[in-house]
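Enquirer: What follows is the residue order along each chain.
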Amino acid sequence: MKALRLALFALLIAIPAAFAVQPDEVMSDPALEARARSLSSELRCLVCQNQSIDDSDASLAKDIRVLIRERIAKGESNEAVRDFLVSRYGDFILLKPPFKLETLLLWLSAPLTLLLGGFAIWRATRRVATATPALSADEERRLAEIARAGEGS
Amino acid sequence: MIVEGGHFAMILALALAIVQSVVPFWGARRNDLALMGVGVSAAVGQFAFVALAFAALAAAHMTSDFSVLNVAENSHSAMPMIYKFSGVWGNHEGSMLLWSLILATFGALVAVTGRALPARLRADALSVQGLIGAAFLAFILATSNPFERLVPSPFEGRDLNPILQDLGLAIHPPLLYLGYVGFSIVFSFAAAALIEGRIDAAWARFVRPFALIAWCFLTLGIAMGSYWAYYTLGWGGFWFWDPVENASLMPWLAGTAFLHSVAVMEKRDALKVWTIFLAILAFSFSLLGTFLVRSGVLTSVHAFASDPRRGVFILGILAFFIAGSLALFAWRAPMLKQGGLFAPISREGALVLNNLLLTTACASVFFGTLYPLALEQVTGAKITVGAPFFNMTCGVLLLTLTFLTPFGFSLAWKRGDLLGVAQRLAFALLAGLIVVVMLIAFVHGGPVLAPIAAGLAIFIMLGTLSEVFSRVRRGGAKLSALFSRARGLPLSFWGGAVAHFGVGVLLLGLAATGFGQEVIATLHVGSPLHVGPYEVALDSVNTRGGPNYQETVAHITVRENGALVTTIEPARRQFAARQMATTQAGIATLNLGQLYISIADPTPDGSIPARMYWKPLVTLIWLGAICMALGGAVSLTDRRLRFGAPSRARAGAAAMVAS
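Residue numbers (our numbering), protein chains in the order written: chain A, 1 to 153; chain B, 1001 to 1659.
Okay, chain A solo, but in the shape it has when bound (with noise of 0.2 Å):
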């Protein structure tokens, strides 16, 4: 019964698992609380290994938290909080890279490794096919006598 219960405790909370805030930053309004969080898992901490600035414990990404915050709070929308931290730490700041020229090998890396290894089994098989020929006319009518010949012994 208690398993039952959390399993559908479970399934009613529909808050997504997310990261390290301090709480004095958190604003008052959960709307804009959403948006925050959002943009700022996408955001890199600059300092860190691959973290996120919702994750980072590291002094510049609280800066950059609060300052997200308070853009947001002036009523900018995501885009333009996104583009400005663009336009003054690059694209280096964004976890998922822009897809442009300087990116295009990367987002097509995984498609055409598929694509290249699909292609080469496809053409593995068909070669496995033509090196195993099917039987000519003539073999056939021969291996039909010697299977009667054998029957006949």
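Every clue listed holds true.
To spell it out: a stretch of chain A is covered by chain B in this simulated footprint if at least three of its residues, at any positions, have a beta carbon under 8 Å from a beta carbon of chain B; those stretches are: (1) 23 to 37; (2) 50 to 56; (3) 84 to 93; (4) 104 to 113.
Since the hints were made in silico from the structure, they are not lab data.
Ideal Cβ positions, reconstructed from N, Cα and C, are used throughout, including at glycine.
With the hints as your guide, set chain B onto chain A.
Expert: Chain B only, in chain A's frame:
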């Protein structure tokens, strides 16, 4: 004296490694059994001397001999003994020595257990193994000597990095290295097969246990590292797509692909060239991982090394072995005979698809990890490739693979019946779908992927069970018949079933993270808060001393409907020697889920800012990984795979000598 002895033992080990790489190879070319036999003694000797060197360094660490630079920089007399010992590999020099020790151990294991193998194959493999050993011993002696003395010697050491003073991180590197380095055997045998120009099922039977050992340890090592990050970094995350994590994930993905393709080779004599390629790939990624972590090319907790000479040396080793083996592959692989035909819809076909998805996932991790480095070198532009990229590429590929796994597991070899398999899996498929629909119906606004992942997890678990059930049932419905049929199934089948079930368990744990709750608040004494189904109350805060640190501990009680459930004591530790603080999250495991509390420094009024999480089913992530490793271990106990045991391998060996 002991320290100099260790240094000298390492030089002797290097000399033996060079002998091991040259003499048996030469013997194999001249068909001289005596020269080939030298490889065996040299491998055992190399192991003995590296072990001596390691023991000498361990002795210096455990007796706090601060006249040794390595000990003075990475140890402290007040540290508990366990961390004095784990401090041996808690630094660059010592960890490379551990790497070499494990390499030499595997080499000696092949030397001792490989009697059933064709003599030339074993000689060539030992020679390649010797070459790897020589490269790394030379690296240690030339750039990272752990036995360097310090004059005058200090009274006290500078302490081990506090982050490393943790039980999880004490055993994480040995586990990981057993995995990384285990693939060296697979690599050596692949190179030997290429040199010989032939490869057969006996090769696969001998190599597979080593690959399984390596894979099990790598799985456990990665899981251990992830659990460490989870409880130590203080915000409940467990996988960051950090380059260092990716460095361990790449050999794991390639190794997983190898385990599946080598099964095809063993059973059906097909996919030989591809299996050899994967063997090279798996160890190349191990080397790449060692390079990324050890060269300091990435700056993170793991990269204690920042000496450029080291980076260049490891890069040299990396380039030599990867380019060398790939060149050997390009030259010799076309000579390997292909065998074993199969229809596209068959177990083999499914495993080809498995390999395609795993290698593509591996490639996406590879590009994602190295692209920023390459781009900065070429254009100077700095970009970040983080979690969103990897989730969209690697994550999606692996989820697809998870969906296909039960189908492949249920298909017959050679020519399968997809419709029949789909009918057998109908129940599991339906159950998975119901879970997805239920979760979407009940949960609003959660992450889209979580219900799908949960459904997939249910599907792969039930799909695996239904395959087990249908195999067992073939012996009749009587209980005794079921039991004897279950015992009659090969252990490698049970291993596969357990491992695939583990994948489902892990995935369920991952999916459940989407349904947790997070509370960021300041805890005051006397005002409890709700976190998930629990009530969390701060009782008191006090300070206490540890052996080499001071900690601030929050005493927190957890209640459910007023009844006391447990207490949690999260802490902040202050290490005086390095002026560093670490976070010790307080974790209570309740019904497979965890209540996770991590605190910041207390405010002057005695209240404590805290991050609190209720994470349902979160332990399944690591239990699933353990289940996967267990599957590997079960598969390892299969009679066919015992070292030197199979008589069929001897017959194969005899046939090889005769030809």
